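Participant: Top to bottom, those sequences are chains A and B.
Heads up, the first sequence is in numbering that gives the first Met the number 0, so the first residue is 0 and it goes up one at a time.
Heads up, the second sequence is in numbering that gives the first Met the number 0, so the first residue is 0 and it goes up one at a time.
Rather than coming from a laboratory, the hints here were simulated on the basis of the structure.
Source: prediction; values computed, not measured.
Be a bit skeptical, because a hint or two may be false.
Unchecked claim - Cβ-to-Cβ under 8 Å is the rule here; a few derived chain A residues that face chain B: (1) Gln154; (2) Gly158; (3) Ala191; (4) Ala253; (5) Arg268; (6) Val271.
Think of the CB as a built atom: it goes at the ideal place given N, C-alpha and C, for glycine as much as any other residue.
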Amino acid sequence: MSQPLLVVDDLHTTFRTTAGPVAAVGGVSFDLATNETIGIVGESGSGKTVLARTIMGLQPRTNVEVRGSVLLNGHQVVGASERDMRELWATDVSMVFQDPMTSLNPVMRIGRQIDETLRVRLGMDKRAARARAVELLAMVGMPSAEHRYRAYPTQLSGGMRQRVVIATALACSPKLLIADEPTTGLDVTIQAQILNLLDDLKQQLHMSVVLITHDLGVVATRTSRIIVMYAGRIVEMGATRDIFYHHRMPYTRALLESSPKVSNPPHTRLRVIPGRPPNLSTLSAGCAFAPRCESATDRCHRERPTLENAGEPGHVFACWNPVARTSSHEGDLRHG
Amino acid sequence: MADASTPLLTVRDLTVTFRSGAHVVSAVAGISFDIAEGETLGLVGESGCGKSTTGKALMKIVAPASGTIELNGVDVTRLRGRALRNARTRMQMIFQDPISSLNPRRRVRDIVAEPLDAWKSAKGNERDAIVRKLLNEVGIDPDVYGARYPREFSGGQCQRISIARSLAMRPQLLICDEVVSALDVSVQAQILNLLEELKAEYGLTLLFIAHDLAVVKNVSDRVAVMYLGKICEIGPSEVLYESPAHPYTHFLLGAALEADPDTAVRGDVLQGEPPSPLDPPSGCRFRTRCPYATERCAVEEPPLLEIAPGHRVACHFPLHGS
Numbered sequence: 000m001s002q003p004l005l006v007v008d009d010l011h012t013t014f015r016t017t018a019g020p021v022a023a024v025g026g027v028s029f030d031l032a033t034n035e036t037i038g039i040v041g042e043s044g045s046g047k048t049v050l051a052r053t054i055m056g057l058q059p060r061t062n063v064e065v066r067g068s069v070l071l072n073g074h075q076v077v078g079a080s081e082r083d084m085r086e087l088w089a090t091d092v093s094m095v096f097q098d099p100m101t102s103l104n105p106v107m108r109i110g111r112q113i114d115e116t117l118r119v120r121l122g123m124d125k126r127a128a129r130a131r132a133v134e135l136l137a138m139v140g141m142p143s144a145e146h147r148y149r150a151y152p153t154q155l156s157g158g159m160r161q162r163v164v165i166a167t168a169l170a171c172s173p174k175l176l177i178a179d180e181p182t183t184g185l186d187v188t189i190q191a192q193i194l195n196l197l198d199d200l201k202q203q204l205h206m207s208v209v210l211i212t213h214d215l216g217v218v219a220t221r222t223s224r225i226i227v228m229y230a231g232r233i234v235e236m237g238a239t240r241d242i243f244y245h246h247r248m249p250y251t252r253a254l255l256e257s258s259p260k261v262s263n264p265p266h267t268r269l270r271v272i273p274g275r276p277p278n279l280s281t282l283s284a285g286c287a288f289a290p291r292c293e294s295a296t297d298r299c300h301r302e303r304p305t306l307e308n309a310g311e312p313g314h315v316f317a318c319w320n321p322v323a324r325t326s327s328h329e330g331d332l333r334h335g
Numbered sequence: 000m001a002d003a004s005t006p007l008l009t010v011r012d013l014t015v016t017f018r019s020g021a022h023v024v025s026a027v028a029g030i031s032f033d034i035a036e037g038e039t040l041g042l043v044g045e046s047g048c049g050k051s052t053t054g055k056a057l058m059k060i061v062a063p064a065s066g067t068i069e070l071n072g073v074d075v076t077r078l079r080g081r082a083l084r085n086a087r088t089r090m091q092m093i094f095q096d097p098i099s100s101l102n103p104r105r106r107v108r109d110i111v112a113e114p115l116d117a118w119k120s121a122k123g124n125e126r127d128a129i130v131r132k133l134l135n136e137v138g139i140d141p142d143v144y145g146a147r148y149p150r151e152f153s154g155g156q157c158q159r160i161s162i163a164r165s166l167a168m169r170p171q172l173l174i175c176d177e178v179v180s181a182l183d184v185s186v187q188a189q190i191l192n193l194l195e196e197l198k199a200e201y202g203l204t205l206l207f208i209a210h211d212l213a214v215v216k217n218v219s220d221r222v223a224v225m226y227l228g229k230i231c232e233i234g235p236s237e238v239l240y241e242s243p244a245h246p247y248t249h250f251l252l253g254a255a256l257e258a259d260p261d262t263a264v265r266g267d268v269l270q271g272e273p274p275s276p277l278d279p280p281s282g283c284r285f286r287t288r289c290p291y292a293t294e295r296c297a298v299e300e301p302p303l304l305e306i307a308p309g310h311r312v313a314c315h316f317p318l319h320g321s
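With the rest of the complex left out, here is chain A:
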């Protein structure tokens, strides 16, 4: 194994609010190999976006406390100044956000938004940057790229805007791309186009990708490993197939069973998780999922479980009363 590209170690991101400290990310550790895609799955408020922004070094300096370590291609992100981070942004790490309209400048032609990165970060001259921007637009599948170079964001559809955002993010060939809900809000046929595009570009540019989503369908076939987050912590992590078929954490199971599936017959009653995700400022000392968990015992409410090995390589989960191990597909509840 070569050195991982990204090593996150015991990362905490705490917001200081008038209601007291809120641990949005509460001790997260994982690593990511070169050219690997990892999925981060969780509901709203699970801390997945804060985690991504912390890895990017995008957290504001005031009222936020970041502890732990994020080693990105050998550089320490935690505690790095904005000047240091500027050295990493675009060339080492780039991010694609959910809403392409708010990540583009509405009064600037899209071509200029792409060559700005090229000129500032790579020191290209105007003409070379322009040529490269058109090339990038063509690479992300923008029809008549030469012509669209002069378009404004509002003249493009949501899917096309997301292609522009991806072109901007990839302008300086980053080693790591963090895609935070890159297809949420896009139509299904466009979503498939964008996800395939990200897959192709990952291979072509030899990138690593962190794919953040609430939609298990997005990560099912496009990741090698998945992290399941709940209330700011990793509750299960493992190879994609292990997460889907041999999950041990009841929350992972509940998440899978509550998603409607195209293969279900009509009027299938979905298994539901009672309640809703917890308020992070009032977390108990126990497992954050315990109040919603059917297998919760006294211990779960008192003592927080730590990540334990599930057996399969790299598969860990945090639960005192895990789901029984299944050895084959047949025992799996997804068929029930």
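Position chain B relative to chain A; hints supplied.
Facilitator: Okay, now just chain B, sitting in the frame of chain A:
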């Protein structure tokens, strides 16, 4: 028609147009369908296909340009004044954004009572009893939460309150427009199950509008697929999902992501984007993205024809059953 009994709702040649500068956009360009009593019809399509406009036109929130909408055999497009007001109590609509569809300055119990107050159908103790029953049924404790304001609730709870309000007048038809698309997966399942329970209890008929194919399949008896203002295929859910006859339905299903690593990584992916409804293609509206399109598709608009009992498709070259 496929069903022998008189449908609760019969829509014929419904069109809805909007003015955009000098242009006229047909958001809904002549659609016809029925919904039988007690049935759930799913309406799917991508953004801009006219599915929400269809729902709003049924409620007369937007005025149809032409066509008829018959509820219990009465054409509501012709109704005015008191008769229209009465007809509206039999149809209710729930919207996507649960928080903005509730008045932020009113208490939950008053929001739910609003239809009763507007129609003066119940007063005093009777009114309060109905509100309590409705809130209990949607899983909101009226004693604890009745006096609170919408801002104190999560999206899922606000959607429950919207549902309680929509049931206050005991409607026959409930139009659900993307009611779970803003909710987390775990909360989405709660709301879908709740709708199924209430449907049985209140004998409701549902028009379920959504873009998520898995969600629609889970609740619908039949599904209609819309593309650029037209219905391109309609049929029983399982038939339509297992053997789609319209190329667009085929691609739409192929693009749906199943939460299962064993599904094929890449189905056929539809290229391009929907054309502007300002200037729809001639003939078949899907032909510009359809890999099977021929000259005939550009000239002649395919009618919605029955290829199997209850399964109709608008395509000159359906994938099967022609």
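Participant: Taking the hints in turn, state whether each one holds.
Facilitator: Hint-by-hint comparison with the structure:
Taking 8 Å as the C-beta cut-off, the interface hint given for Gln154 (chain A) is violated, the closest approach to chain B being about 12 Å. The beta carbon of Gly158 (chain A) comes within 6 Å of a beta carbon in chain B, closer than 8 Å, and the hint placing it at the interface holds. Hint status for Ala191 (chain A) relative to chain B: holds, with the closest Cβ pair at about 4 Å, below 8 Å. Contact between Ala253 (chain A) and chain B, as hinted, is supported at the beta carbon level, the nearest pair being about 7 Å apart and thus within 8 Å.
For the restraint placing Arg268 (chain A) at the interface with chain B, the shortest Cβ-Cβ distance is roughly 6 Å, inside the 8 Å limit, so the hint holds. For Val271 (chain A), the interface hint holds, the least distance from its beta-carbon to any beta-carbon of chain B being 5 Å, beneath 8 Å.
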